[in-house]
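Engineer: Sequence:
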Amino acid sequence: IARGREGARGLSYEAATRMFDAMFGGGFADVELGAVLMALRMKGECLEEVRAGVDVLEPLLRVVPVDAARPVVSIPSYNGARHTANLVPLLACLLADAGVQVVVHGVTADPKRTTTAEIMQAMGLGPGGVDGAEAAIARGDPAFVPVHALSSRLGALLELRRQLGVRNVGHTIAKLLNPTDAPHCLRVACFTHPEFAALQHAYFERTGRPGMVLRGTEGEVVASTRRAAQIDWVHDGATEVLVPASAGPAREIPALPEPHDAPGTARWIQSVLAGERPVPGPVEQQVGAVLQALGVRPRLRAAVAA
1 IARGREGARG LSYEAATRMF DAMFGGGFAD VELGAVLMAL RMKGECLEEV RAGVDVLEPL
61 LRVVPVDAAR PVVSIPSYNG ARHTANLVPL LACLLADAGV QVVVHGVTAD PKRTTTAEIM
121 QAMGLGPGGV DGAEAAIARG DPAFVPVHAL SSRLGALLEL RRQLGVRNVG HTIAKLLNPT
181 DAPHCLRVAC FTHPEFAALQ HAYFERTGRP GMVLRGTEGE VVASTRRAAQ IDWVHDGATE
241 VLVPASAGPA REIPALPEPH DAPGTARWIQ SVLAGERPVP GPVEQQVGAV LQALGVRPRL
301 RAAVAA
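Taking the numbering used here as reference, the numbering of the sequence shown is continuous, increasing by one, and the terminal residue is 306.
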């Protein structure tokens, strides 16, 4: 993997499994781990590497217990807001209102961005670990689980971003994880670059695990309020388009709060949930797509998209 972008080759599933066993089992010295992460970053991860990484890490997670008889969705949140408000908590609350068990997992803080955890905390839905997540779901609320609560080794891997200066394969794997004990959990994933769109589609098609793929908003899995993005449901080894991409901008773009104001974003989201302002159209479409994939009938709301 360390022969440069043109000469490097992807690892087989078996070789990648050995690599991730060492990575998540403490088998690499620091210099070896840094070299592996940078080599993968330069080469780009292949499907077999990502599949092996998820398969090695998931059995090591401290997962959230959920009701196997009810629909459940995983929402990864590892980026946060930089230029536009982070509406992941709105997506999570709307799905929970519809009766879905929602587990959001990700980082709790970022010095340059407003995280989902900070907004949810301002809404009274803040991080509480796995036990807190179980209690939140029992109340009908969306749950947020810090990545360190799921896996301290994955959390440490993600923190290397500040030392290495770039993201690493841990970020790719984190967005595909199932943080629950329900095999049927729908995993929502997003991409910002086309190669990751192809990789995520290939992962869900190859593994047969249910997934939803869309272009993210600043790396978050919530639809942009400016333009409806295509939303794909990948199930049973095939892709079904649930929301086609719009040809132009949304008919009405809402005035959003400042991206770096977690309390302001929390109040704005709560006003939407209270019916005081409409749900942004693209977000409403995304909620409908997730409910369709889960086989959940939408509930009527006081505020609907224009």
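Careful, some of the hints might be misleading.
[Stated by the list, open to error] Label pairs and their in silico Cβ distance ranges:
id, residue 1, residue 2, range
1, Arg227, Gln292, 18 to 26 Å
2, Arg9, Arg206, 30 to 38 Å
3, Glu252, Pro59, 41 to 49 Å
4, Arg297, Ala245, 21 to 29 Å
Bear in mind the hints are in silico, worked out from the structure with no lab data behind them.
Note that beta-carbon positions come from the ideal geometry of N, C-alpha and C, so glycine has one too.
Engineer: Given a hint of 21 to 29 Å, does the C-beta separation of Arg297 and Ala245 actually sit inside it?
Structural biologist: The hinted range 21 to 29 Å holds for Arg297 and Ala245, with Cβ atoms some 26 Å apart.
Engineer: Indicate whether the distance between the beta carbons of Glu252 and Pro59 respects the range 41 to 49 Å.
Structural biologist: 46 Å, holds
Engineer: Do the beta carbons of Arg227 and Gln292 sit within 18 to 26 Å of each other?
Structural biologist: 21 Å, holds
Engineer: Assuming the hint says 30 to 38 Å, is it satisfied by the Cβ distance from Arg9 to Arg206 or not?
Structural biologist: 19 Å, violated
Hint compliance for this structure: hint 2 alone is broken.
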